[in-house]
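A.B. asks: Spelled out from the first residue to the last, the chains are:
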Amino acid sequence: MKQCLMIIILGLMSLFLAAPSFAAEPIKIGALYSLTGGMSSIDTPSLRGAKLAAKIINANGGLLGGRMIELLSVDAKTDQKAAAIGAKKLLSKGVIAGIGHSDPSFVLPSAPLFQKKGIPFVTSGATLPTLPAMIGDCLFMVPFGDDDQAFAIADYSFKSLGIKNVVVWTDNSMDFTKTLSRFYKQRAKEHGINIVLEDFFMMGDKDFSAQIARLKNASPKPDAVFISAIPNEAGLTTKQIRENGLTLPIVSADGFDTDLLVTVPGKELANDIYFSTHTYRADSRPVVTKFVKDYEKEYGVPPENAFAPLGYDAVALIADAIKRADSAEPKALKNALAKTMGFKAVTGEISYTRPSRVPVKGVSIISVKKGKYNVEEIWFPNTK
Amino acid sequence: MKINRPLYSLAIMILFLIVFAILMKNMANDYILSIVSFTGINIMLAVSLNLTNGFTGLFSLGHPAFMAIGGYITALLTFSIEKKPLFLPDLPQWMVPVHLPFFPALLVGGCCAACVALILGMSVLRLKGHYLAVATIGFLIIVQVFLNNADSITRGPLGLNGLTDFTNIYWVTGWVIVTIYICWKIKFSSLGRSMLSVREDEMAANALGVNLFYTRNFALAVGAFFAGIAGGLWGHLITAVTPNSFSLIMSFNIVVMVVVGGTGSITGSITAAIIFTLAYECFKPLEENFGIYGVGEIVMSLILILILIFRPSGMFGADEPAFVLGKYKHHNFN
Numbered sequence: 007m008k009q010c011l012m013i014i015i016l017g018l019m020s021l022f023l024a025a026p027s028f029a030a031e032p033i034k035i036g037a038l039y040s041l042t043g044g045m046s047s048i049d050t051p052s053l054r055g056a057k058l059a060a061k062i063i064n065a066n067g068g069l070l071g072g073r074m075i076e077l078l079s080v081d082a083k084t085d086q087k088a089a090a091i092g093a094k095k096l097l098s099k100g101v102i103a104g105i106g107h108s109d110p111s112f113v114l115p116s117a118p119l120f121q122k123k124g125i126p127f128v129t130s131g132a133t134l135p136t137l138p139a140m141i142g143d144c145l146f147m148v149p150f151g152d153d154d155q156a157f158a159i160a161d162y163s164f165k166s167l168g169i170k171n172v173v174v175w176t177d178n179s180m181d182f183t184k185t186l187s188r189f190y191k192q193r194a195k196e197h198g199i200n201i202v203l204e205d206f207f208m209m210g211d212k213d214f215s216a217q218i219a220r221l222k223n224a225s226p227k228p229d230a231v232f233i234s235a236i237p238n239e240a241g242l243t244t245k246q247i248r249e250n251g252l253t254l255p256i257v258s259a260d261g262f263d264t265d266l267l268v269t270v271p272g273k274e275l276a277n278d279i280y281f282s283t284h285t286y287r288a289d290s291r292p293v294v295t296k297f298v299k300d301y302e303k304e305y306g307v308p309p310e311n312a313f314a315p316l317g318y319d320a321v322a323l324i325a326d327a328i329k330r331a332d333s334a335e336p337k338a339l340k341n342a343l344a345k346t347m348g349f350k351a352v353t354g355e356i357s358y359t360r361p362s363r364v365p366v367k368g369v370s371i372i373s374v375k376k377g378k379y380n381v382e383e384i385w386f387p388n389t390k
Numbered sequence: 117m118k119i120n121r122p123l124y125s126l127a128i129m130i131l132f133l134i135v136f137a138i139l140m141k142n143m144a145n146d147y148i149l150s151i152v153s154f155t156g157i158n159i160m161l162a163v164s165l166n167l168t169n170g171f172t173g174l175f176s177l178g179h180p181a182f183m184a185i186g187g188y189i190t191a192l193l194t195f196s197i198e199k200k201p202l203f204l205p206d207l208p209q210w211m212v213p214v215h216l217p218f219f220p221a222l223l224v225g226g227c228c229a230a231c232v233a234l235i236l237g238m239s240v241l242r243l244k245g246h247y248l249a250v251a252t253i254g255f256l257i258i259v260q261v262f263l264n265n266a267d268s269i270t271r272g273p274l275g276l277n278g279l280t281d282f283t284n285i286y287w288v289t290g291w292v293i294v295t296i297y298i299c300w301k302i303k304f305s306s307l308g309r310s311m312l313s314v315r316e317d318e319m320a321a322n323a324l325g326v327n328l329f330y331t332r333n334f335a336l337a338v339g340a341f342f343a344g345i346a347g348g349l350w351g352h353l354i355t356a357v358t359p360n361s362f363s364l365i366m367s368f369n370i371v372v373m374v375v376v377g378g379t380g381s382i383t384g385s386i387t388a389a390i391i392f393t394l395a396y397e398c399f400k401p402l403e404e405n406f407g408i409y410g411v412g413e414i415v416m417s418l419i420l421i422l423i424l425i426f427r428p429s430g431m432f433g434a435d436e437p438a439f440v441l442g443k444y445k446h447h448n449f450n
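Residue numbers (my numbering), protein chains in the order written: chain A, 7 to 390; chain B, 117 to 450.
One chain only, chain A, in its complex shape (with noise of 0.2 angstroms):
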């Protein structure tokens, strides 16, 4: 009996949520963010800059005449459980798209969901390539590829800054990073690149005198380190290396786009560091200036990190895509998304003319030099 009172209470809770406005009918976009747990820093700024996004959007008076967009947001708890519940409840209540997740192992257990019922999730910040093949048409990623990230420091290590021989480290614990370190190796290599040696360490390491030792003992001697980490580690394995006194250049990925990387080793230390990221940091593009003072406007504070920026553009891909196919249809919607050309966002400028329907990207090369960030060059993925 317990359990039907529960089920019924609970039915009647979910009915009052889902009771739509009676004022021009919004149009819904769920939001699946895990906004408490391991993610949150991350997932966070995702959801505000998307919310920043829906109000300026319903400032200029909505889309299609007249219609509000009204962003549900679900909780997804770091927990793989919750991001299923969370979309099946997005679902429930007729959103026409869903946002969301900066993990592939988030995006893996709710994403076919949507796909099942044929509405486009568009993911802020999981950076798997092979996303859209696992899930199929309606998944679109408003970020480029790990693939595209990994060639673009290659590139620029081999180019910029000469580099013959080069020792990697991997935190073994993620995907992310595993994927990020095996497309930097496949890269270097084409370039003849020498791997003088690999190592690894966790999510979570706080000691890396013994990297360090073998990385000091290395032979031949290598002209500079890449570090597939994630924002924790970033700014601990620059500041314990810079601390032993090595000098030698330390190059990364967008896992390093965080300041962290000047604030835990100071000023001083953070330097000769180059890692490619979004579009996005010490970029003067006028649609970076007008999001960063909007944002700060709103919430008192700069934008944490790029994922806020990335939050913001999925929300306007799926407004510009709705302006382009005239209609809030999930089906219209979905085929207006899959034919998005230079789409303006925060984060660069965004096209789905791969096969593989990764975005083609510009991705940026910042340098930090005694902590102070600066765009080398804007490097672009060659499409077949």
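Hints listed in this document are in silico derivations from the structure and should not be mistaken for laboratory results.
Be aware that one or more of the hints could be misleading.
With a straight-line cut-off of 30 angstroms between C-alpha atoms, the simulated DSS-like cross-links for lysine-lysine are [as the list claims (entries may be wrong)]:
| # | chain 1 | residue 1 | chain 2 | residue 2 |
| --- | --- | --- | --- | --- |
| 1 | B | Lys-141 | A | Lys-123 |
| 2 | B | Lys-141 | A | Lys-87 |
| 3 | A | Lys-378 | A | Lys-273 |
| 4 | A | Lys-337 | A | Lys-57 |
| 5 | B | Lys-301 | A | Lys-122 |
| 6 | A | Lys-87 | A | Lys-123 |
| 7 | B | Lys-199 | A | Lys-191 |
| 8 | A | Lys-191 | B | Lys-200 |
| 9 | B | Lys-199 | A | Lys-123 |
| 10 | A | Lys-195 | A | Lys-184 |
| 11 | A | Lys-184 | B | Lys-200 |
| 12 | A | Lys-123 | A | Lys-170 |
| 13 | A | Lys-122 | B | Lys-199 |
| 14 | B | Lys-199 | A | Lys-345 |
| 15 | B | Lys-199 | A | Lys-303 |
| 16 | A | Lys-296 | A | Lys-34 |
| 17 | B | Lys-141 | A | Lys-122 |
| 18 | A | Lys-165 | A | Lys-273 |
| 19 | B | Lys-199 | A | Lys-337 |
| 20 | B | Lys-199 | A | Lys-184 |
| 21 | A | Lys-245 | A | Lys-122 |
| 22 | A | Lys-378 | A | Lys-191 |
| 23 | A | Lys-195 | A | Lys-222 |
| 24 | A | Lys-195 | A | Lys-299 |
| 25 | A | Lys-222 | A | Lys-212 |
| 26 | A | Lys-99 | B | Lys-141 |
| 27 | A | Lys-195 | B | Lys-200 |
| 28 | B | Lys-141 | B | Lys-301 |
| 29 | A | Lys-87 | B | Lys-200 |
| 30 | A | Lys-376 | A | Lys-191 |
| 31 | B | Lys-141 | A | Lys-34 |
| 32 | A | Lys-245 | A | Lys-273 |
| 33 | B | Lys-200 | A | Lys-337 |
| 34 | B | Lys-141 | A | Lys-337 |
| 35 | A | Lys-123 | A | Lys-345 |
| 36 | A | Lys-123 | A | Lys-273 |
| 37 | A | Lys-170 | A | Lys-222 |
| 38 | B | Lys-200 | A | Lys-123 |
Place chain B on chain A using the hints.
C.D. replies: Leaving out everything else, chain B in the frame of chain A:
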């Protein structure tokens, strides 16, 4: 004894579950259905862990490890043959054509989990008390490390995804009924009584001719079998399995359900599993409308602390409540 009350209660409950499942299937939306399915899986986990931790008094924290074994094996067996080359390019050749329908795959998954439990039990069940808890945590970590690194079979930390969503409310209800029925029958059989005797006083039990080692191993293996089945259902419900899904946190959650319900009480495990699963969802509207994310976890932890202070033996203690047992009372040890 004319009326066998436990069987009578059991029949009513099974009938109720079947009617409930049919009603749900026809009336509720996908979201409610998935919550109900997760509740069912949690009931299976709590009741089967109760067999190990409650009846026999072993303290096992390894339930998610058995779930992981069952989940991965079921997933690999049901994975469609066309998709295998795309998702698992490095799969050993002999595994590529192996394919089974859902039901036999579940059984194979459950049996593999039970076999692993037997092997584990042979070495580990010679330990007592806290040492067993530590050993099962160790086993859980071994399983996780294996899944993370056996890339060619498990795809490492990314896990297997794109599974067909076979699990629906009928599958879950069916398995919940089987689990409850078997655990119930074990509890009220001579085997169950020997399990309880092992828990209460192993020396006395041994003196009365109960084979301690055999009884414990049996309890661990049967618990693991249902955990393996639950893992298979779980994977095919969210259509993905990853090593991180089967974590130590999950293991604590299941133990909490058993402790709150009352170690040894099947009714208690069922009730606790229902309350715990649904309570988190009940707090969701609060979290989403007011933006206070995480309040569900805080309230549930408070409830847990309060229960442990005021009812340390759990909601129903070690026995089934009177409304389930009726006139049929058996006195074990008091």
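A.B. asks: Next, verify each hint and record whether it holds.
C.D. replies: Each hint, compared with the structure:
no. : hint                     : result
1   : B:Lys-141 with A:Lys-123 : 18 angstroms, holds
2   : B:Lys-141 with A:Lys-87  : 20 angstroms, holds
3   : A:Lys-378 with A:Lys-273 : 8 angstroms, holds
4   : A:Lys-337 with A:Lys-57  : 24 angstroms, holds
5   : B:Lys-301 with A:Lys-122 : 41 angstroms, violated
6   : A:Lys-87 with A:Lys-123  : 19 angstroms, holds
7   : B:Lys-199 with A:Lys-191 : 28 angstroms, holds
8   : A:Lys-191 with B:Lys-200 : 26 angstroms, holds
9   : B:Lys-199 with A:Lys-123 : 20 angstroms, holds
10  : A:Lys-195 with A:Lys-184 : 17 angstroms, holds
11  : A:Lys-184 with B:Lys-200 : 21 angstroms, holds
12  : A:Lys-123 with A:Lys-170 : 50 angstroms, violated
13  : A:Lys-122 with B:Lys-199 : 17 angstroms, holds
14  : B:Lys-199 with A:Lys-345 : 27 angstroms, holds
15  : B:Lys-199 with A:Lys-303 : 49 angstroms, violated
16  : A:Lys-296 with A:Lys-34  : 25 angstroms, holds
17  : B:Lys-141 with A:Lys-122 : 19 angstroms, holds
18  : A:Lys-165 with A:Lys-273 : 27 angstroms, holds
19  : B:Lys-199 with A:Lys-337 : 25 angstroms, holds
20  : B:Lys-199 with A:Lys-184 : 23 angstroms, holds
21  : A:Lys-245 with A:Lys-122 : 47 angstroms, violated
22  : A:Lys-378 with A:Lys-191 : 28 angstroms, holds
23  : A:Lys-195 with A:Lys-222 : 22 angstroms, holds
24  : A:Lys-195 with A:Lys-299 : 42 angstroms, violated
25  : A:Lys-222 with A:Lys-212 : 19 angstroms, holds
26  : A:Lys-99 with B:Lys-141  : 18 angstroms, holds
27  : A:Lys-195 with B:Lys-200 : 29 angstroms, holds
28  : B:Lys-141 with B:Lys-301 : 29 angstroms, holds
29  : A:Lys-87 with B:Lys-200  : 24 angstroms, holds
30  : A:Lys-376 with A:Lys-191 : 28 angstroms, holds
31  : B:Lys-141 with A:Lys-34  : 26 angstroms, holds
32  : A:Lys-245 with A:Lys-273 : 10 angstroms, holds
33  : B:Lys-200 with A:Lys-337 : 29 angstroms, holds
34  : B:Lys-141 with A:Lys-337 : 27 angstroms, holds
35  : A:Lys-123 with A:Lys-345 : 20 angstroms, holds
36  : A:Lys-123 with A:Lys-273 : 51 angstroms, violated
37  : A:Lys-170 with A:Lys-222 : 16 angstroms, holds
38  : B:Lys-200 with A:Lys-123 : 23 angstroms, holds
The earlier numbered hints that this structure contradicts are 5, 12, 15, 21, 24 and 36.
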